[in-house]
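Chemist: So you can see what is in the structure, the chains are spelled out below.
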Amino acid sequence: MLQLAGITVSLLLGIAADPEPAGSSVFQLKDGDRVVFVGNTLIERAAQYGLIETLLTLTHPDAKITFRNLGYSGDTVWAESRAGFDTPTEGFARLKESVNAARPTLIFVGYGGNEAFAGRAGLPRFVVGIQRLLDVLSATGARVVLLSPIRHEDLGRPLPDPVPHNRNLRIYANTMRNIAKQRACGWIELDPVLSVRAIAQPSVPLTENGMHLNAYGYWRAAEVIARSDPTALPNWRVTLAADGRVVETSGTQIRDASHAGEMLKWIALDKTLPSLPNPHAALLSYRSGPPQRELKVTGLNPGNYRLKIDDQVCCTATANQWNKGVAITAGPEFAATEQLRQAILQKNKLFFYRWRPQNTTYLFGFRKHEQGNNAAEVVQFDPLIAQSEKEIVGLRRPVEHRYELSKQSEVSR
Amino acid sequence: MNSPASSRFRTRFARTSPSGFRHAATESVLRGSRRISAVSLAVLIVFHVAPTFAQRDLKDIPKPDPKRELSELQLADGFEISLYASDPAIASPIQMNFDPQGRLWIASSSTYPHITPGHKADDKVLLLEDRDGDGVAERSTVFSRGLLIPTGIAPGDGGVYVANSTELIFLSDTDDDGVADRRRVVLSGFGTEDTHHILHTLRWGPDGMLYFNQSIYIHSHLETPWGVRRLNGGGVWQFRPESLELNVFVRGFVNPWGHAFDRWGQSFETDGAGGQGINYLLPGASYVTAVGATRFLSGLNPGSPKYCGAEIVDGRQLPDDWQGNILTADFRANRVCRFVLSDDGAGFAAQQMPDLVGSSNVAFRPVDIKQGPDGAIYIADWYNPIIQHGEVDFRDPRRDHVHGRIWRITRTDHPLVERPKLVSVSTSELLDRLKSPESWTRQQAKRVLRERGDEILPALTRWTLALDPAESGYEHHRLEALWTYQSLDIVEPALLESLLVAGDPRVRAAAVRVVKYWHPRLDNPLELLARAVDDDHPRVRLEAVRTLAVIQEPQSMEIALEALDRPVDQFLDYALWLTARELKRSWLPALEKGQFNLALNPEHLEFALRAVDSPAVVDPLLKLVAEGRIPPERQEAVLSLVASLGNAEQLASVLALVLDKDAPSDVQQRARLLNALVKAARTRGVQPSGDRHMVVELLSSDEPSLTAAAARAIGAWKLEDSRDALSRMALDGSLDLSLRRAAIDGLTWLGGSDARDTLVQLCQNDQDLDIRKLAVEHLTTLDIEVAARQAVDWLADAKTANPTNVVTAFLQRKGGPEALVEALSEKTLPADIVKLALRAVRSTARDHRALEEALARSGGLGSPATPPTAEEVKQLVSDVLARGDPSRGQQVFRRDDLACLKCHAIAGSGGRVGPDLSSIGASAQIDYLVESLLVPGKAVKEGYHSMIVETDEGRIVTGIPVRRDDQELVLRDAEDHETTIPTDSIEEESMGGSMMPVGLVESLTHAELVDLIRFLSVLGKPGDFAVANQPMVRTWRVLMASKENEHALRHGSFQMTATASASLSWRPAYSLVSGELPIDDLPRIKSRGDVPVIVAVQFKLVVSTPGKFALGFNMPDGLSLWVDGEPVAVAERVVLELQRGRHVVTLVVDVERRGDVALVCRLLAIPESPARVQRIGGK
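Chain order of the listed sequences is E and U. Taking our numbering, the leading residue of the first sequence gets 111, the next gets one more, and so forth. Taking our numbering, the leading residue of the second sequence gets 232, the next gets one more, and so forth.
There's no promise every hint is true.
What the hints assert, rightly or not - Calculated pairs, DMTMM-like style, for lysine to aspartate or glutamate (alpha carbon to alpha carbon, straight line, at most 25 Å): (1) Lys206/E to Asp922/U; (2) Lys478/E to Asp631/U; (3) Lys298/U to Glu360/U; (4) Lys747/U to Asp271/E; (5) Lys351/U to Glu499/E; (6) Lys478/E to Asp412/U; (7) Lys1172/U to Glu1209/U; (8) Lys1169/U to Asp196/E; (9) Lys1339/U to Asp1355/U; (10) Lys1172/U to Asp196/E; (11) Lys478/E to Asp624/U; (12) Lys478/E to Glu1103/U; (13) Lys478/E to Glu1162/U; (14) Lys1172/U to Glu487/E; (15) Lys206/E to Glu1219/U; (16) Lys459/E to Asp353/U; (17) Lys1169/U to Glu1206/U; (18) Lys206/E to Glu1218/U; (19) Lys351/U to Glu448/E; (20) Lys1169/U to Glu487/E; (21) Lys1331/U to Asp997/U; (22) Lys478/E to Glu1219/U; (23) Lys459/E to Asp404/U; (24) Lys478/E to Asp800/U; (25) Lys351/U to Glu514/E; (26) Lys824/U to Glu784/U; (27) Lys478/E to Asp404/U; (28) Lys294/U to Asp1110/U; (29) Lys478/E to Asp1204/U; (30) Lys459/E to Asp412/U; (31) Lys747/U to Glu784/U; (32) Lys381/E to Asp271/E; (33) Lys478/E to Glu360/U; (34) Lys500/E to Asp353/U; (35) Lys478/E to Glu1218/U; (36) Lys478/E to Asp1110/U; (37) Lys351/U to Glu487/E; (38) Lys351/U to Glu501/E.
Just so you know, these hints were derived from the structure itself, not from any lab.
Next comes chain E alone, as it looks inside the complex (with noise of 0.2 Å):
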């Protein structure tokens, strides 16, 4: 045991080192995908913050990918939360049907968190569980990524001390990773979430309770699993030089720079939608690493200038702090991020009707005889759901938008 807890430390320690590894591939989203996520409680709440999702679909604004959250709270390898009225067997069957109907191409596994509660002793159950649940779903042809469970986080009493859980979840992740290795699987480590906020001052919690992810944990679990994909979110850098001179892009195309007096003005195209800010930034006093969106002008007169983009001011700063380089974290196009992320949920709320229905006993179940006829009114959420994806890809599309960096006079301050 305390042999297993020293390569759990040394482990959490060589990750915090570099909380954010380099992106490998693990996985890679392309045009077409049918991604489904299946799990627990980590899973289905996801659906809720509509975090991974959004990341995951304005990282690839012109490839039509759609999402299903097959999350089911409390749920194990076995399916147990989804037998209902019937054996567990039912409800496995029930897990592989819906996992089916939704036709994938990509499946996250999110399991493991509740399954580790039953320690070693659980070990051999579980290792057979997986494999039946991982040879039922690499039958579907889908690429499988695997997530690791998070780690269970101390946030005092009276919850429960979580160093014995903690102890059994890295004996499960570690033998998940195993498992994902030898079937060739993607593997997502998502402890380092978790290690962050052991060097983060002062520490922002990560989970509600100590072991499901609040909308921080989320945004931060989104981040680690996007940036598993090689092909995800270029850094968006401008520089321009105060006489309209495009210097350097990346990440948008500009077109139309000019100039007039002490102000200048340009229009972007922007390849991707920004992620979401950080929702806790405000409280992090160390540096997650360089901003995203970051605009440079050189040589401009002393003095404020103003930022605005579609008329709206996103920031100030001065002639100095410009010319290093000032990080854009609000505006339009953030706007338009949690629209789209807002239309996710809304899409995710539409599918969770279809598929988690209320009144089953009724509708599909042992006495549908009564009201089985409104079984109808559970297929009517398809065309809703197909017209919400409609508008998802409206939204996911970046779009043009005037920039205009002017100084502001002494009397307009």
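Place chain U on chain E using the hints.
Modeler: Chain U alone, transformed into the frame defined by chain E:
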């Protein structure tokens, strides 16, 4: 001011005067059957005058005007009612709870029962405020919206917990604008298989924990940082929000929507689809429907209607005799009921009192009841003419999604309680509120104290120390302090220990329960519990026994068993049984290793061993038997357990006792043990090891039951050598039928062509009809085709015999129905036999169309009726309203040929195959009743779905599941018989539909059908067909007018009916809805020319706490009375004092002296008497 007729119930229009007092005014109306007939007349006229508008009028939908609804509310004497809040501010309130500020939070759903595609789920949390205290909520706020069918609400922890379908969420307002801006999922994974079963009934306990319920169809899988918690089926959860510890408090129930705590922390549950009234919640108990349970605790009022909501009321606003009463709503019958709770040994009894409020308005749906900060009683009125969504279409246009009311009931001319300030006051003032006479104030003060957190500890310590022992309520104040510590999770051993020895047993019981949560942090929990197990009060002992279950040590079991040294009632017995099972992983291994205290009192050890269904107990039990440490009166029970669990060697020692003629056990006991061994062979395939042939000798025993058991053992153990002996016995016409039946059983189990030939011989028409019937039934397991041919011959000859069992034998076999169809071709059978056979076929909830047609053809009957068209339903509904007569309908309902009462009870009296119909009229619209009778499978009440099971022997059994566990499944069939099926033998199971036979009402004339539906449609509504709250005898048995009975009485006296009742033949009889047993319907016995014509009836009572009580008779003339065979003088009021247990009361009615006055027998309580007595209902 009030008309004489309204002495008990009256309606008041309460107006609020500027002074804040209510003036009762205007009219008083008594509603009853007169009004109903007036309505019918009006409909009749409308129907004839304007048939095109008839449909609208046929729907029983009152105008949703609150004034009109108010005018229809009938109130208990001394109370008045007013409108606190109404639509449009609120719609469809489902649960409500007050916060410490006195504001009322409401969970409201217009989406219920099911979201419509394209509609946004926009259900709300509403906040109502009566700022000026005039009894009207002048302010309502939408605190949160966009919810999906929120069914529970509990303000607390700076926000509000809301049950939101799959989730328990916490909503809070962080910027103080009165609207929630933060939403956190606290728990997720609650099942939503049925939206009126989902997470509901949130209630804070006095211990600072949040309790919530789920119902029968729900399967929940909840992740907590302590592990996953799962609950399949109904139950009550117990939750600590700050630590997220979550446990199942009790499990079971059908749809429990009421949970209330009394002043001492004991809790009570009501069930919106159950029939047992108030349920006392014994921690960890299983109630009806609990999945996997083998033993259940039943409610305190069997035969009650379904109740929703529960509130225990008290305080200065209410009369003395209302203190601690529990209120609950019979929402189907549009009324709020009151029960007095009292001690019944370790548990409780609940006695129903007159209603608090009732209404003739079918849309008045009281679903939640809460006492408010002013001591008034608030009622959430869901306001809907339609309840349920299983039976009535989700989209039925009559569903109301927009109305809803909160009513407020106060005592006339009695000052209200001053609304306490709790949030703005100092901690020491707040602590003083824990002395309040109002539970509302104490509970809310504890909530505020808990939210203030550890900072209150110094003040709490000071306050507790400063309490004056001379002050009245001193111990209760200290209990409140203990609960406050508990809710802060601060362990205070000194206070706890002092309360464990408090003078008031209720305080001691509450303190013992706290040990359950603190034990890991106490020095001496087992010592404390050992003392409590030996307490003078049974409830303290019960709490100790249940608390010991959480300390997993063999010693806990030893201590718990000490409870057996004092009297043990049903509650304590159940508690100890639960604890023995829950602790078995500690004490059983210890026992096997010899570490468990085997020197224990054998009675103790035996109890523990018998409680656990583990083969590990068999050897220790046999050892006790061998050592002669089991007293003779319990030996049989012990050995039966050995037989049901033991292996071959262990069964051999039971067989040795059966064969031992010199054994201390009597010969009938030996027969029963042998039967247990037969069962072990038949259900588990385990036979005693060694030589079993000795059993053959028992065939010549003088005791018929032993001979019969031996015959069966020969078959079960396949003792081929004795086949001929069984054949001879089966064919021997001189033998008693029971012996021949046993031989036939044995022979059938031996099987083979010899057995078949013997059975065929027994089917020939020179044999007795009963034997032929038996032989046919048995043949179905040996050769289905041969059996079918013999069956048809038997049916042709059967005359008045009941063919149900024969037909069922075929229905229970694969290929059986087909074989019967084949054998029926070209045959002609008597029409009456065919009618009965058809009824049996149609009660299986399976499709046997070919067999139905073949039977109908053979009996010359028409083909089965087709389901009615919508037009026909409409026509029937209008005929019912126009011409139906409920009194005549009741006679139709009671007819023997319809056999309604064989399956359905009214007020708990009648069969249990279908739902109790006590309030069917108040809950169901007429079209639903029409369809239920004509198309029984269309809508089936939860808990009444049949299950179809196929076993590995090719048997097919249909029935309503009664219980199931790892070992066996028990199904109740249409005959109310229970069949036990070993789980291992189940090959396939599926859900079936209704057990109610199709075409049951085909034999009725149109007029009779119309009357029957009319009766059902008023059953339970205020008026002549409402079931009275007072306990009355409703299930009787009546002496049949058979020759044998008359012969027996001729040579004895009438007293024989009481002293030798087992030797006479009786049949069930039931009272009318009114409680009257009509004498002129019953069989009359004329035993001799010189004695009067009599009717003899019996009923049973069960006494749970002995004491004085009385039987009240409407008219004692012409009655003679015996209790347990002893004559008792009859009077209008007969005072009795009986021992704990069951008792039989016999009445002989001298018909000439009495005339045809119906018989009414009430159970009357005697003030101050501890007696707890219940009538026995059922069939």
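Chemist: Which hint numbers doesn't this structure obey?
Modeler: 1, 6, 21, 24, 25, 27, 32, 33 and 36
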